[in-house]
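**Student:** As a plain string of letters, each chain reads:
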Amino acid sequence: MSSSIIKKLLLAAVPALLVTSCAKKLDLFPQNDLTSATTYATAAGYKSVLAKVYGTLAITGNTGPAGAPDIAGGLDEGSQVAFIRGFFNCEELPTDEAVVAWNDQTIHDFHNLAWTSADPFLKGMYARPIYDITLANEYLRESTDAKVASRGITGADAADIKKSRAEVRFLRAFNYWVMLDLFGKSTFITEADGIGTYLPKEISRADLFNYIESELKAIDGDLAPAKTIEYGRVDQSAEWALLARLYLNAQVYIGTPKYTEAITYASKVIGAGYQLLSGYGKLFMADNDKETAEIIWSINCDGLHTQAYGNTTFFVHAPCGDDHNDYGVGGGWNGYRATSALAALFPKDGSGNIDTTGDKRGASFYTSKYKATSSQVVIKDVSDFSNGLHVKKYINIRSDGGPVSDVTNTFSDVDFPVFRLSEMYLIYAEAFLRGGTGADGATALSYLNKIRWRAYGDSYGPGNAGQLTSGNLTLQTVLDERGRELFWEGHRRTDLIRYGLLTSGTYLWPWKGGVPSGTAVDDKYNLFAIPATNRTANPNLSQNTGY
Amino acid sequence: MRKKRLLARPLALLLVLLLCMHAFPQNKVITGKVTDSKDGSPIQGVTVVPKGSRTGATTDEKGYFHLTVKNNVSVLVFSSIGFTAKEVAVTGADLAVSLTAFNASLSEVIVVAYGTRRKGDLTGAVTSVTAKDFQKGEIASAEQLLQGKVAGLQITPGGGAAGGGSRIRIRGVSSLNGSNDPLIVIDGMPIESNNLPGSANYLNTINPDDIESVSVQKDASATALYGSRASNGVIIITTKKGAKGGVKYSFNTKLSLAHLTKYIDVLSADQVRSIINADATATGNNSYKNLLGTSSTNWQKMVFRDATAFDNNISASGSLAKIIPFRLSFGYLNQEGILKTNTFDRYSTALNLSPKFLDDHLSVNVNLKAAHTNNRFADEGAIGAAVSFDPTQPVYAKNNYGGYFEWLQADTKPIDLATRNPLGLLDLRHNTSGVNRFLGNIQLDYKLHFFPDLHVLVNLGLDDAKGKGNDNIDSISATNYKTHGKFTYYQQEKRNTLTGISLLYSKEIPSAKSKVDVLLTHEYQDFTTYAYNYASFGERGNKDTVPGSAPQFATDKPEYRLESYLGRLNYTFADKYLLTASLRRDASSKFSPATRVGYFPAFAAAWKLKEEFFSNSGVISELKLRGSWGITGQQDVGNLYPYLARYSRSTNSAAEYQFGNTFYNFLRPVAYDANIKWETTTAADLGMDFSFLNNRISGTVDVYHKKTKDLLSVVPVPPGSNFDITLLTNVGNMDSKGVEFTLNTTPVRTGTVTWDFGFNITYNTSKITKLLKQSDPNFTGIDVSAVGGGLTNYIGKFAVGYAPYVFNVYKQVYDPKTGLPIDGLFEDRNRDGQINDADRYFYKKPAPDVLLGINTQVTYKQWSLAMSAHGTFGNYMYNQYNSNNGVLRAVKNPLLFIQNGASNYLQTQFTGSNINEYLSDYYIENASFVRLDNINVGYNAGKVFNKKARLRVNASVNNVFVITKYKGLDPETSDDKGLMFTIYFRPRVFTLGASIDF
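Same order as they appear, the protein sequences are chains Z and L. Note that the first sequence covers residues 178 to 724 in the numbering used here. Note that the second sequence covers residues -9 to 988 in the numbering used here.
For the record, the hints were derived by calculation from the structure and aren't laboratory data. Just to be clear, a hint being listed does not mean it is correct.
The calculated lysine to aspartate or glutamate pairs, modelled on EDC-like cross-linking and capped at a C-alpha distance of 20 Å, are [what the hints assert, rightly or not]:
hint	chain 1	residue 1	chain 2	residue 2
1	L	505	L	77
2	L	547	Z	204
3	Z	378	L	766
4	L	403	Z	499
5	L	547	Z	503
6	Z	202	L	546
7	Z	202	L	766
8	L	403	Z	503
9	Z	701	L	822
Here are some of the chain Z residues that sit facing chain L, going by a computed Cβ distance under 10 Å [to be verified]:
hint	residue
10	365
11	373
12	403
13	406
14	454
15	510
16	630
17	710
18	716
For every residue, glycine included, the Cβ atom is placed at its ideal position computed from N, Cα and C.
All chains should be built: construct the whole structure from the sequences, respecting the hints.
**Tutor:** Written out as structure tokens, the structure reads:
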């Protein structure tokens, strides 16, 4: 090619080169999203992130009731990655308090005490606490005093963010407690770890116990004083309540008894001014957000604003069928019931039915279904919903008779009580009986009788049948009382493990281990299996013994 | 001969001399003779013009020409119909020129990426189908024109919905979580394949009657010019253009009737009654027996109907004011779906202008297409309901739900999760939409005056689609009785703009026997969606908002952009050796500044063996060897911002949390991979094009191998390391191999009878070769393919060593006496005494190994008979209908209502209480099939109406029959996962058509 041709070529290339480079135009940002800089530019932004750190325990994503899930991974949003429902499946389904009729994947493995590391429900229940911890860490990274100051947030707003930091550390500790209790160890990440695709470390059971304990103690000074913070957020009393629960189970968690510490922290909560309110049933109704005198911390659900299929909406649908109107909802899901072993904890009348003239708590499953034929207390066929006790504990009906917020009677207003005063009374009594110091028998007895006074309708019932005497003050009494007072609130598995009854042949209930009369199972089922996919993704995670 | 020539020369010389005396001194005279290269015989009527001019001379009957030209003319162009044009340097005043008769098919111009090429000069694997070979009958959507016509191309219609679309796959799949749809380019404008709300299918707004040709680009060298969007192949649609000359009109009309010939094999009302009665006797429980009705309702016949379609197109084509070639068309299609209430209307118009200006230096090509479609979508849930609804119940009953029988609770409210009345679903839902689409581009081709070898090309395009509609569920419908109906308005607009500028240099260097053309392009494309969000309303009170439906944001604007530079070199030596090299540089807004640039090179070479070794052979018309190698990319992953650390808000008011008395919406950090980048596919292809006996036998064979790496996959990540437990990231490899063979023959060709027969066959296999960053011997794969059974069960996996979506199942145990499966009994493959996940095994896959297409046509005088068929082999399907409905638990629904079951239950007697039943290999069925797509009879009436018009009439049957072992409704599904519960049933369609040209 001659040089003149090259010149002409170059000349002609000019228009092509004149087209301005569009490199900058490729930096796009979604219209309705925020960067971390814009998110945290205002106190309102902090509050919306804080709402998420709390709210991920109540609903499953950024769209209610489903859609835009927090956790995907092929899991079912409504049933497998919802905190309340997942926690319930782990804490109640393996026990005498609950069985399920549905045929959903591996759900029968829970009551049968036969789960494997491939279980999708366990995968979801491992993911949810860790997800919330990841959110908490992000919040903690962005809410240091220096960062808040650098964003020009001062005064009351800055003080509230400082307080919320302590709350977020509490929520992180609470989620780690869930991991400790269910899996016996955990993936361990703090605000020092970033976001990416790295392999987080694993923390052992003992180290995790110590971490939770030290975190809870460390935030004591930053949390709001007991009973002073707005509804829905935690204060010191929640921290004490979690410590009390942690110490009560220390023998199981780390092999060292900490009953004295359990008494110390239960007493702190009891001394903070909480009291049992009149009418046990009101604690689980649509307007239970009014019951702050007794409820220490609840996970808040609302029929309009906080919708999910795996929060208390599950509690008001899963246990009912055509008796759904009694639960305040438009239809039942025909799924979860209790075994006859739960009924056996309550006094019977002459014809073998639950006697609700005394202990009113049994009315929770004294439903038309049960009353029609008493044979239905016996489960002949697990998948037949007409067998078994319908548990009407949580109902989407207001105690004041007013309308619930969802006019379609689908989504629940009931808040899920995580800590309430009764549990602290029961911890006090049990820790005393197990040798903790700083307590006395008379106080323990009086606490138990407070619970029973309320249970019998602010009396001890006909012939004072409900009143306990010092002769009744045994560990078995406390366990049975826990069964009657706290059933379906997510305690039973932990309680049975503490009493050595979950896997052994000492205590059998219908369909334990998958057989009608119940059978002992391998001790490995005292802990859940670490989901196999997590170990594939993170080789740092070890499996629990036996799986 | 010789004598004549001797005489001619002096004569010519004399003429030259005479002319020289009288002509302007700068002119010269050239004479010569043009002969056929084959036998040296003279060619008459050859046009001889100086290069760059339009005036010249033609040869006489003896092949002689005589031409006066300016002195500076150095090259003459010789062209004639049936011969390859030739440029000859003026070396003297008397020229001997020989022209080569060309093979018509080889000189056919094929549309390729960023230009055209003669078929004979192609270096890549490209198949072009022109209008005359399109699938016949009533076809509403463009891709269906290609059914069975192209090797390696699989077109699977989603079903029989009016205006519905298809899944298109070229040479199998190359991505797991990215798109596997090919890029569609219409008249030089790449279009967005994601559908618009309110549109049944993004291709149905293009009127098939306006399409001239469709060119399928298969190998990397053919597609790499489209770089990051080319991994799944490219389909280039070219619409009809105007031609010079008087205005001609063409009108065609089609009337068709769709009729359903096959229904799902459900239980009859009496069978349901006897099952329930027997069960009541056995269990002593009458609760289901008491629910039985006394009717015998065929619900499938209640929801389907015979449907008609009426399709009219008129076009005018010619030159405006004798200088502007144009084509203008209007079309109107009115189509009913066979599912009651489903309709589709399309008004379309297309205008093409292709004038030339500035002494032909500036060519302008304007393509404008506009369409308005009206859709009424039927609630397709009615199909599933129809096959599941209790046949013992009547259609109508006295109740508060429109008089449609519904399953009610004791309080007369519908049972929440019960199957709804199929006819009620259809009649009480009014889901209508209107879509306007404008697709237009203008292409300028300016040949520089001072340097005509160089062209400057500009391409400006706009594709704008706006859809809006109302999805209204009547307040008396049982589906939304709680909110007293549900009324939803929706609206969305998608706008895709393209600006491109190119330089094209083409030069022939006769002295070096070389032809070169070089293309350089800069291109910028933007895809913006304007989404509008609205709440739904119920009819309670004063039109209350449906709880939770209020959107957080009134609008959203998802957007992505691509900026590209590309270069291509075509080099031809001695008209025997062809070489193509190209490189594209794409930058995508979907990736971070550090990773967004990708380079996609390709090379291809072809060797014309015919010209090399058999140039004088009369048997071999064409023989060409091709080879190519190239890299293409993938970025279509749905998520437009996967690399960005960002926070997203609650999308509605139902995702908030209560502190005090206030509800706060959420701000949630989103999972992201800052390092995410292109998925790349490296592909190699070796092919041969051949043609014998003057094209009586022709064909192509190709072998290919594609390797995809850095797959954009959603894989498990360590919990705690990111804001989710799975993440879209680059991990994994996939491997595809295949062979394609196409053969077209004309076994009979006489004056009155022609018989054409052709077929294509493709073998393709795809395998995942890597899936995780770290290896874990216990990892069996990623669960995919959700199937029923209360909650989600997964029947398929992405697993290393297997095809995508391989089935992962339990091995059913059969009764050796009866040969029937035993309920709930599966092989304990690891012999550990329990049946669990570890006993599942990999068994078959949904993708076919072999694709087949067959076409044949016989013409006798004015009559023609054509048939076409396609089939697939080696593909398996999960019969989800049988696994869901072929069990007692389905008939006796635990929520206390009765459903219809699959007649398969009569054999298996499965109870449905065993969860593993859903994952039994019993339900994996061979779905290989052959479908006779079309029989068409045509009659060409020739000139009618005083010889002013030409008339053709034809009659077609589409979807004539299917041969398959599959026991369900239809072996063909557009679902990559190979699951079939129901689809929109495919009808048989009868069409009568006529076309008049005048």
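**Student:** Next, verify each hint and record whether it holds.
**Tutor:** Results for each hint:
1. L:505 - L:77: holds (12 Å)
2. L:547 - Z:204: Judged against 20 Å, a Cα distance of about 14 Å means the pair holds.
3. Z:378 - L:766: holds (18 Å)
4. L:403 - Z:499: Holds, at roughly 11 Å.
5. L:547 - Z:503: Violated, at about 46 Å.
6. Z:202 - L:546: holds (19 Å)
7. Z:202 - L:766: Violated, at about 42 Å.
8. L:403 - Z:503: Since the Cα atoms of residue 403 (chain L) and residue 503 (chain Z) sit roughly 15 Å apart, the hinted pair holds (cutoff 20 Å).
9. Z:701 - L:822: holds (18 Å)
10. 365: holds (8 Å)
11. 373: holds (6 Å)
12. 403: violated (17 Å)
13. 406: Where the cut-off is 10 Å and the nearest Cβ of chain L is about 9 Å from residue 406 (chain Z), the hint holds.
14. 454: violated (20 Å)
15. 510: holds (8 Å)
16. 630: Status violated, d = 31 Å.
17. 710: Check passed: Cβ of residue 710 (chain Z) comes within 5 Å of chain L, closer than 10 Å.
18. 716: holds (6 Å)
Hints 5, 7, 12, 14 and 16, counting from the list given before, are not met by this structure.
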